[in-house]
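Peer 1: Each chain, letter by letter, is given below.
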Amino acid sequence: MSTQITDIPLVEHVETPLESLNSLDLLESEAIHIIREVVAEFERPALLFSGGKDSVVMLHLATKAFWPGKVPFPVLHVDTGHNFPEVIEFRDSTVERLGLRLEVGSVQEFIDSGELAERADGTRNPLQTVPLLDAIAKNKFDAVFGGGRRDEDKARAKERILSLRDEFGQWDPRNQRPELWNLYNGRHTVGQHVRAFPISNWTELDIWRYIARENIELPGLYYAHDREVYERDGMWRAVGPVSEPRPDEKVVIKQVRYRTVGDMSCTGAVASDATTVHDVVREVAASTLTERGATRADDRISEAAMEDRKKDGYF
Amino acid sequence: MSTAFETTPAALGTGTLFRFATAGSVDDGKSTLVGRLLHDSKAILADTLDAVTRTSADRGFGGENGSTQKIDLALLTDGLRAEREQGITIDVAYRYFATDRRSFILADCPGHVQYTKNTVTGASTADAVVVLIDARKGVLEQTRRHLSVLKLLRVPNVLVAVNKIDLVGFSESVYRAIEVDLQSVAGEIGLSDVVVVPVSALEGDNVVDRSAHTPWYTGPSLLDILETLPTTDELERGLEPFRFPVQLVIRPQGALAPELALTDDAGASFRDYRAYAGQVASGSVSVGDQITVLPAGRTATVVGIDFAGTSLERAVAPQSVSLRLSEEIDIARGDVIAATGTFGEVSQDVYAELCWLSAKPLREGSKVLIKHGSKTVQGLVRAVTGKLNLDSFELEAASGLELNDIGAAQIRLASPLPVESYARHRRTGAFLVIDPQDGNTLAAGLVKDHPGDHEDERYVI
Numbered sequence: 001m002s003t004q005i006t007d008i009p010l011v012e013h014v015e016t017p018l019e020s021l022n023s024l025d026l027l028e029s030e031a032i033h034i035i036r037e038v039v040a041e042f043e044r045p046a047l048l049f050s051g052g053k054d055s056v057v058m059l060h061l062a063t064k065a066f067w068p069g070k071v072p073f074p075v076l077h078v079d080t081g082h083n084f085p086e087v088i089e090f091r092d093s094t095v096e097r098l099g100l101r102l103e104v105g106s107v108q109e110f111i112d113s114g115e116l117a118e119r120a121d122g123t124r125n126p127l128q129t130v131p132l133l134d135a136i137a138k139n140k141f142d143a144v145f146g147g148g149r150r151d152e153d154k155a156r157a158k159e160r161i162l163s164l165r166d167e168f169g170q171w172d173p174r175n176q177r178p179e180l181w182n183l184y185n186g187r188h189t190v191g192q193h194v195r196a197f198p199i200s201n202w203t204e205l206d207i208w209r210y211i212a213r214e215n216i217e218l219p220g221l222y223y224a225h226d227r228e229v230y231e232r233d234g235m236w237r238a239v240g241p242v243s244e245p246r247p248d249e250k251v252v253i254k255q256v257r258y259r260t261v262g263d264m265s266c267t268g269a270v271a272s273d274a275t276t277v278h279d280v281v282r283e284v285a286a287s288t289l290t291e292r293g294a295t296r297a298d299d300r301i302s303e304a305a306m307e308d309r310k311k312d313g314y315f
Numbered sequence: 001m002s003t004a005f006e007t008t009p010a011a012l013g014t015g016t017l018f019r020f021a022t023a024g025s026v027d028d029g030k031s032t033l034v035g036r037l038l039h040d041s042k043a044i045l046a047d048t049l050d051a052v053t054r055t056s057a058d059r060g061f062g063g064e065n066g067s068t069q070k071i072d073l074a075l076l077t078d079g080l081r082a083e084r085e086q087g088i089t090i091d092v093a094y095r096y097f098a099t100d101r102r103s104f105i106l107a108d109c110p111g112h113v114q115y116t117k118n119t120v121t122g123a124s125t126a127d128a129v130v131v132l133i134d135a136r137k138g139v140l141e142q143t144r145r146h147l148s149v150l151k152l153l154r155v156p157n158v159l160v161a162v163n164k165i166d167l168v169g170f171s172e173s174v175y176r177a178i179e180v181d182l183q184s185v186a187g188e189i190g191l192s193d194v195v196v197v198p199v200s201a202l203e204g205d206n207v208v209d210r211s212a213h214t215p216w217y218t219g220p221s222l223l224d225i226l227e228t229l230p231t232t233d234e235l236e237r238g239l240e241p242f243r244f245p246v247q248l249v250i251r252p253q254g255a256l257a258p259e260l261a262l263t264d265d266a267g268a269s270f271r272d273y274r275a276y277a278g279q280v281a282s283g284s285v286s287v288g289d290q291i292t293v294l295p296a297g298r299t300a301t302v303v304g305i306d307f308a309g310t311s312l313e314r315a316v317a318p319q320s321v322s323l324r325l326s327e328e329i330d331i332a333r334g335d336v337i338a339a340t341g342t343f344g345e346v347s348q349d350v351y352a353e354l355c356w357l358s359a360k361p362l363r364e365g366s367k368v369l370i371k372h373g374s375k376t377v378q379g380l381v382r383a384v385t386g387k388l389n390l391d392s393f394e395l396e397a398a399s400g401l402e403l404n405d406i407g408a409a410q411i412r413l414a415s416p417l418p419v420e421s422y423a424r425h426r427r428t429g430a431f432l433v434i435d436p437q438d439g440n441t442l443a444a445g446l447v448k449d450h451p452g453d454h455e456d457e458r459y460v461i
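Here the protein sequences line up with chains A and B, keeping their order.
So in full-length UniProt numbering the end of the first sequence lands on 315, straight run, no missing numbers.
So in full-length UniProt numbering the end of the second sequence lands on 461, straight run, no missing numbers.
Treat the hints as calculated values from the structure; they're not laboratory data.
Any given hint could turn out to be false.
Far from chain A, some chain B residues (derived; all Cβ distances over 10 Å) [to be verified]: (1) Asp91; (2) Gly138; (3) Glu172; (4) Tyr175; (5) Pro318.
Simulated coverage check for chain A against chain B, where a stretch passes if three residues somewhere in it have a Cβ under 8 Å from a Cβ of chain B [to be verified]: (6) 68-75; (7) 173-181.
Glycine residues also receive a C-beta, built at the ideal position from the N, C-alpha and C atoms.
One chain only, chain B, in its complex shape:
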């Protein structure tokens, strides 16, 4: 129990939270890298390590004396029975660790079948994605596809770990050649600022600490980079206009929280209480701000921002709060409260890119449900306007989409939604496509500008 610990941000809960995901192909050592990060950042506790050491030994790993190179690090992350039996990772797994600087949430996304589904899922909430490359194999088609998906989803920080660098004799020339290939592919796709790090997940080189085996690499270790990158919210704070999907209306009338109901005064003052609960999707809101309720377009002034008995002057993304307004206007779940004058037009026709995540294919004419913010409406897929060739990253003609396809479609909505281009508004540009029959999630939707609008601004981060 050292006193130094008590003053670290992680111990006090005053550090930030950073979400990242891993993506890679089969056998490029992703589970091993994740295991290494968890192990070397001391996130693996003794009983877990004992269990893994025992299982490793049973499988012929020479796990004596807890020597870390001798245990199967992948066992630290592969949690399901079938995964351990088959030595593969089946589903996205979430892992948690903290350093002195920040707390991490890691989405470990498997790289085999359904890799698009897993990568899209992990990337949708990630502040950063680490893509793995096997140093012996270099940049593969799958690397290209992963980077394309990350570009499409606008992941703010993309890192590439060139793994198994020990197996190419820590060769600088091998690494430099891969780096050149990578930057050229990233350039083609339009990804800027890709950070590349040579690592050996198995041996630990440049994962947590800088390695003596790679004197030609002068950059920081992978963990050092992850500790200092800005989060999505930090990057966008102050740049995005205020958006607030209303989750529910808080109007307790008689049903007050017991500690409030006990006092007559409070009971009286809360009798007419009415506030709109939600999470700030983007931007910030202050008391006194003019707001517009979408899609109806009525305006009002914010007179109060409440959070569990505390009045705030201002709230920022992603805080969950309740807003009180100057006028009693008709607002219900599904409406979006926006800063007045910052929103264009609501629309019943949506042009979007769809990442198709279901085995049930999409056909033109399909009826679907669209969940956007806190609202779900019916939609009709009028046309599939193309399918992305993930090798050339160009749209080609298609009339439907299959599992793992990324394509473009035009959808007619039963009622208008305040959608915005995903390229400029991450939250209000994203939606789910849901099967009206069984309720399953079919696709991740990213709103595009209507054809002809702002074409030049596509993909601007």
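Bound conformation, chain A alone:
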């Protein structure tokens, strides 16, 4: 049996790595161990899948963890209604290719029914928490995989790999279970659930090197392309239905790419000529800005923006 399911271009993959396990091998092995633990110990796990690069890597790891079987859990997308159309297309084609069930929690529906109010600044990232908790409750998910990484943010740096959430989905950073050795404690009582972050220890650069090594497909907007953009708060914003330029903001066509994909109204692009995955690896390695600082208006609101969202039940 030597069915080769992945094509590995950048780093030569050794058949028997033996004494030379490199950092990507070790991170991959740790993530697969965590994914298998959660699937074995929980009744109804699900994976948060947006079509963004971290969730795509998570799904790839899951396919490897259960080979030759299929991924044994559904995926959940909390849809802000402010998505890049190509990311939604990518989400749907990936889900179809892997034969997965897709659950969608819709921010728009909650706004339409009056359960959520649009924010003055128009960004919908913070509004995802309510539909997320609703989808978790409705589907009785007891474990939810996320692609959160500790290097993304100061608050995430304190997050556990298995993070216990109460009935309100709240994260209590001052009262977390100690995580010892590679023994993960997923015990929870009725009403509680666990968020699992198997790629906690990966950095943005690890993610990109892994995407290159494993030849993982991503939505096209992660690579340099020409787009109509305007400058706001030092970021390039795409022109679109939820991100109209103000009269004084000049629209130009620029070669850009996205380092993160999220709510179109608050996600910025970066000027880039990185058209291939190897170009991106080089660009990320040389970058002088963090990915959230460079591209997320909502994380610039305050020093504790992420911490506050997480305490309320955010990813």
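For this one, chain A is given, so just place chain B on it according to the hints.
Peer 2: Just chain B, lined up with the frame of chain A:
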């Protein structure tokens, strides 16, 4: 975009991964040291530095022109609102940086209340721990306690950074006196090969680069040492016997991955596929090896090692793989696959050291859950046989354990587990004690030999 970068191991992902933790008392400058390591190894990007510089200036630090001595380096690591407001570190924070040689995962463990909990947590996965000492204060009781915990957890590399060396005028005699004290304490505890480095986290001396202010110190900088120390897996590779806790059985039957299901041939060849998925806990396994399934004791031969469509000849710790066996024997999650002839006896009575990490105290007669490898069983705490006096490092009589206590207990298990002495088998000697009521983790458990067995081999690394 220099071409030199593309050939470095960190850029290619071909370097190794090294995990280390920091431990220290309050105000010995641990957050500053971590901030310094991140800053000087260029792991802090411009936008983060801008934010920290602004906040530092607001608090009266003179952060002009991004001058590094003038910013509050601790702000680089203290992430939570309460931490920044109170100027303290609350919980273990994980940080990431890479040099040309390897990638680092740093567990920054706060030193105040709950220091045992934090140090045990950080040390349990660490390839090295850096203990901080304030050069003005020397070796404190807390230093002693930290070193004791590191010894107990068998951290393979222990480093001591004598910090604030600038505040004692870079004095060699002060440093030498501390070094002598330290080596004597380490000797008492039984820690060998403790590496000592004089540093100033605030000024950067001997952290990333060797300092001109300490000509009497001829050793490498702290980062140089961290770049060259062996990892736990590297140290133990080839020495430990094969152990593999089974996480789950992969038996897809009809539910094949779509790319396999598409072809009739593959569909047929995988119809009876059955493999045992897990992570190699220690040692290595090769196709053709004889294995024994614990606790039942049945034996079989390894006929295949699979990883996501690739067949391997051999797998080593800590690879996640799936094993196929020659016989269809009854194996379930929680069983441990071991190299035949390398395991003693499974046991229902466990003698262990417990690091008590919960505010809920332990009493004799408590019912608990024990998580060992991939199995969780019920346990009854029959007796608390002692509590470690962290000053004398001797066991004294006790009938219970409180938060931050380290003690010894005897636990009766509802069903036998393949436990081994932690002193010789890090992975199969470790377990969690869990509260059956609320599910919280109560303690870190380290299996001891049964009384009378191998007493002489205790603490052999």
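Peer 1: Please list, smallest to largest, the hint numbers that this structure does not respect.
Peer 2: Violated: hints 1, 5.
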